[in-house]
Structure formats: C-alpha cells, structure tokens
Amino acid sequence: MLEVSDLSLSVSIQGESVEAVSGVSLKLEAGSVLGLVGESGCGKSMTAQAMLRLGEHQGVTKAGGDILIDGQSLFSMDDETLRHVRGGRVAMIFQEPMTALNPVFSVGSQLIEVIRLHLDMDKRQARARAIGLLQDVGMQDAEQLLAHYPDALSGGMRQRVLIAMAMAADPDYIIADEPTTALDVSVQKRIIALLLNLQKKRNLGLLLVTHDFGLVAEMCDQVAVMYAGQIVEAGPVKEIFDHPAHPYTRALMGCRPEVSEPGVLMPVIGGQVPPPGRWPVGCHFAPRCALADNACQAPVVAKAWRSGEHIARCLHVPEVGQ
Amino acid sequence: MTPILTAANLHKSFSGGGMFRAVTGEKRAVIDASFELSAGETLAIVGESGSGKSTTARMAMRLLPIDSGQMLWDGEDVSSLSARALRSRRHFIQMVFQDPFASLNPRMKIWESVAEGLRVHHRDLSRSQRRQRVAETLALCGLDDSGMDRYPHQFSGGQRQRIGIARALVVEPKVLVLDEPVSALDVSVQAQILNLLNKLQRDRGLSYLFISHDLSVVRHIADRVAVMFAGRIVETGSAETVFGRCRHPYTQALLDARPIAHPAERALDSVPVAADEGVADSGCPFQLRCPRVQADCANFDCRLNAEGYACLHPSR
Chain A
1 MLEVSDLSLS
11 VSIQGESVEA
21 VSGVSLKLEA
31 GSVLGLVGES
41 GCGKSMTAQA
51 MLRLGEHQGV
61 TKAGGDILID
71 GQSLFSMDDE
81 TLRHVRGGRV
91 AMIFQEPMTA
101 LNPVFSVGSQ
111 LIEVIRLHLD
121 MDKRQARARA
131 IGLLQDVGMQ
141 DAEQLLAHYP
151 DALSGGMRQR
161 VLIAMAMAAD
171 PDYIIADEPT
181 TALDVSVQKR
191 IIALLLNLQK
201 KRNLGLLLVT
211 HDFGLVAEMC
221 DQVAVMYAGQ
231 IVEAGPVKEI
241 FDHPAHPYTR
251 ALMGCRPEVS
261 EPGVLMPVIG
271 GQVPPPGRWP
281 VGCHFAPRCA
291 LADNACQAPV
301 VAKAWRSGEH
311 IARCLHVPEV
321 GQ
Chain B
1001 MTPILTAANL
1011 HKSFSGGGMF
1021 RAVTGEKRAV
1031 IDASFELSAG
1041 ETLAIVGESG
1051 SGKSTTARMA
1061 MRLLPIDSGQ
1071 MLWDGEDVSS
1081 LSARALRSRR
1091 HFIQMVFQDP
1101 FASLNPRMKI
1111 WESVAEGLRV
1121 HHRDLSRSQR
1131 RQRVAETLAL
1141 CGLDDSGMDR
1151 YPHQFSGGQR
1161 QRIGIARALV
1171 VEPKVLVLDE
1181 PVSALDVSVQ
1191 AQILNLLNKL
1201 QRDRGLSYLF
1211 ISHDLSVVRH
1221 IADRVAVMFA
1231 GRIVETGSAE
1241 TVFGRCRHPY
1251 TQALLDARPI
1261 AHPAERALDS
1271 VPVAADEGVA
1281 DSGCPFQLRC
1291 PRVQADCANF
1301 DCRLNAEGYA
1311 CLHPSR
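Protein sequences, first through last, are from chains A and B. The first sequence begins at 1 in the numbering used here and counts up one residue at a time. The second sequence begins at 1001 in the numbering used here and counts up one residue at a time.
Not one of these hints is a red herring.
The following residues of chain B were derived to be distant from chain A, with all beta-carbon distances above 10 Å:
1) MET1071
2) GLU1112
3) ASP1149
4) ASN1305
Cross-link-like lysine to aspartate or glutamate pairs, in silico, DMTMM-like; alpha carbons within 25 Å at most:
5) A:LYS200 - B:ASP1276
6) B:LYS1174 - B:GLU1041
7) A:LYS201 - B:ASP1276
8) A:LYS201 - B:GLU1265
9) B:LYS1199 - A:GLU261
10) A:LYS200 - B:ASP1256
11) A:LYS238 - B:ASP1269
12) A:LYS201 - B:ASP1269
13) A:LYS200 - B:ASP1269
If you are wondering where the hints come from, they were derived from the structure by calculation, not from laboratory data. By construction, the Cβ of each residue, glycine as well, lies at the ideal position given by its N, Cα and C atoms.
I would like the entire structure built from these sequences, with the hints used as guidance.
In structure tokens form, the structure reads like this:
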C-alpha cells in the first residue's frame, strides 16, 4: 500500500514558509483507483508529486506527516532506494505529454533508456520490451514508431508513449496527473479505457489527479475532494456521487456543464479559492459557503458520515445531502 | 434578414511541414466550410485538433488570407479586402482567445491592454475618456475598476478571461469569435464565464461564433452546431437536432466521448483501447474510423445534403 499520512507541505512565498497542503491522508491500494479531485491551486498536484518526493527542488518541503510504501517511509530511504522506488515501484504520468518527452531524442531511445535504468537488460532485450510496451498501449506499427521523434506524434499518441514509459519497469502504483486534460475528447475516452485496462490487467494502484468529476465517475473506486490544501470529503465513488456531503463537493458537482440544463444560468460558486497563506482560520470553504455560521470560524476536523468510509470536513454535514 | 456572417466554401491549404503528416494524420487545412450566423445567435463549430475549426475561425475573422471562397461581414464581401481596408472594419468582429494569459501583454497594465482597440478605432478619445470606456467595459464583464492599473499576473485565470472578453467588447463589436474560451478554466470558473457570455449576448444582442472541442459546453451555449472533421463540415443543424438525433457517425462518436455524469453510466468496457486517429485521403475522411463504413464511402464526395449531413450510411 502507498499511504500518505497526515502530510503537510510548505512552500516558500517571498522568503516566508507558507503551508500549502495541510494534514492530507490518502491510501492507495493495489488494484484500486483513487481520484484526487480539486480546482487549480488546491494542492492536489503538489500532494501527488510529494508521493515521489518530487517538487523538493522547487522549494516544497515537508512540514509534517509521512509517506509510506508498504510501511516504509520515503523520507527515511537512502538515494539509491528512492531511485528504485521512482519509476520502479511508483511511476508518474504527467498532463502535458509534449513537455514530459524530450524532443531531441527518439521515442525508442527514451523508452529504452527508462527500461535499462530499472531492469537489467541489454540493448536488444530492452528494444524488444519497448516494442511490447508500445503494443500494450495500443500502438500499431510499434517497431517503426521507435525511430520517430515526439513532435511527429499527435497528443494522444504522445500520451500513449508516456503511459508505455510509466509501465516500463512494471511498477505497482501509477500516479496520473490530469492524464487526458490536454487531449481531444474523442481521444480521451480511449486513453481512459486504456489506462483502466492496464490497471486491471496488472493489478495496479492508480491515483488519478484531476479537476474533472466526469473522469472520476468514469474511472475511480474511491474519491478524495481537496479544497485549499485540505481533504474536505472522501469515500467510495458511488456514495460520493449519490450523497455528496460537503457543500464544496456539491457545488463543484453542480457546475459541470454535463449536468446543467441548456439555456438556463449555470450554478456557480461565488468568490475564489484562497491561495496558501490566506486561508481562513476555521473551515477553509466558509467564506464561500451558504451554510457557514459562527461555528465555522473555528478549525473543523473531518468526521465520518453515513458510513465509516465516507468522511466529510463540515460541521453542517447532517443538514446536507439527505 | 441578412445573416451577420456568411461563409461560402472557405478553403485554405498550408504548404510545408508535411514530413510527418503520415504519422500524425494531422491536416489543419480547411477544404470546404460554409455557414451563416444570424444576429443574436450562437453557432458552435466543434471538432478535434486538426479538424480545421480554428483555421475556419481565423478566416472568418480575416486574420488569415482566404485561398478561395467568400466571407461576408454584415453582407459585405471582405474576402479580398486589403489590411488597411480591414482595419477600419475590425470593430465589427472581435476575438476572445483560449489562454487569456498568453493573449495579454504581461508588461502592460490591464487598462492599457483593454484600451488597445480604442486607440485604433476611436482615435478621437482622450486618455481619460479611454479610461472611462475601459472601466465601463470591465464592469460589464464583472470586474471593478480597482484592477485597472494592475498587471495580468495579478489576476486569476477566470479574471483574465473576463479581461480578454472586455478587451474584445470595448470597441462594441457585433460578433465575437470565441476560440475555446473556457477550456483552460476550472469547472466552477467555466460556469461563471459561460453565464457571463449568455448575459452579454442577451443584453447586447451579440452574435457568437463559438469554437470548441467540448460538446458538454457547446450543448449549454449553442443555438446551432457545425461539426468539422478533416477540414470539412460533416454535419450541421440546430443544437437540439445535433444533440438529440444526429445522423453522422462522427458526430455520434463525439457525443459518445462526452464525460459521464454518474458512475452508473460507465460503459468503458465497450471502448476500444487501440490508437485510432487516421484520416482518409480520398472519399469520406472518416471512413478509417467509421463503424458504419461500406465500399462506396471510398468514392463519396462529402457534400452536405439538404438535411445537413455528409454521409452515405447515416445513423438511424
């Protein structure tokens, strides 16, 4: 299991250390898909990157909590072990396939490099594995593709190459950060189907980081909703869609164009997400929440709702979602 | 009533960059695009990258030269007008871009960016009159004037898109060309901008040419829809028809690819996982991907029929 336990992260803003992720806990189990949902700036990508201890060179530091893989802390590992974990046990798929691929190396050389970094293979074996991986991600003419450069590929094909690279060393967990956001809708569905297909076949634990509830509906078993650095609601996907508890979850689900009626005003959430450093003292969502009262000015802890699996960080939970 | 925009058989081809075409199947050229936009109406042009929808929009704006075909603005043929002649007419049609950050000069104060159009189209206005017009236009777009002297990086994505809309509106155009105006925004902000566009259209009688690959958004805003594939309009009709009973298999494929609203609607097991992005060089361009393809599709001329679709073997 890949476990984020009460993790807090700080960033440096104008020389001052500011909390950007606050007490986040997540459990990613083999064979399951967990969605981490939220809007830009909520801290979801920062959390996901921390799960590979990425982002530290950009000034993100751990302020508390831990990240454990099969019980072992990522923060107590030596560099060699950490290198093995990155890509070998936990792989990452990024949103923008063009920036994640190096434009001056061919698809084949980049793929073979990753394979040989993690697996003890000579060039010929690695090449054969690269072809196999490209076939696994639905590419026809995999052998010819090795010689091509990333800019010769469409967005969808680049994303397939990145997925192949993530699979190169047979990882146990995949972290996919907005894997389809930059793609055409017509291509998105196939990429999603492909990811889920691989996830099932290889019994992977998949963390999907996204702003899109449609993608969550399509892919996830479990969901965690993030707002301004905190998990505000988490639980099984059907439970969250049928009985969203937190006012933010409900509002975010309501403003999707696919559930709104044409020709009428769409429901909106007034105001803006407060940036790190300007979070309210109590409930982070209170200034934008219709249910907020004086009690919400004090810090709010997450509590179980409906079932032990479904938690929400809201004082007014019994009043909503019923 | 004369349509406010008329495009007749627009055609544009690009030379060069062909080396990798065979791999990506990407053809950005427009082979044949015709449409009409009435006053106060929203026409959405939908399609995937490379379908030619943005190229069509840029020809409609006369930001790109038109190889052949005609473009009429309020009944006047502008297809071959000179740059100078176009400049005096540009206040008629303005554009809002996908990425408001990229389309605003980072070194210019917001009010200066928004006022740029005024310097071209209303040269008689004094500086204080320009500031006044900018403040009024920002207010229309839901921004108060406290941000006028700030710079683009001090605003959120949604605010920047409001600024982008204000910048287009300041010269009081009749038509806005909106190129993926909400696809870079968070859902909650997207809803705010769509509501703003609806309100502006209602209050000011604007016509919108709305370019998007997102059918959920299009369903929300469009009166009529034109679906483009590989440089051609393959189906067109009222939003109700296109969303309710489309005939072209490509339109159906786009509709099927929309995000689902609830986990109970999952049907991913039936979605093939193999890459499938080919475009046929002759006959129907969609034949390589079409579930209804038959032999005669290879010789089809792809013209829209009277019912508004270009397909020999339509759905239903």
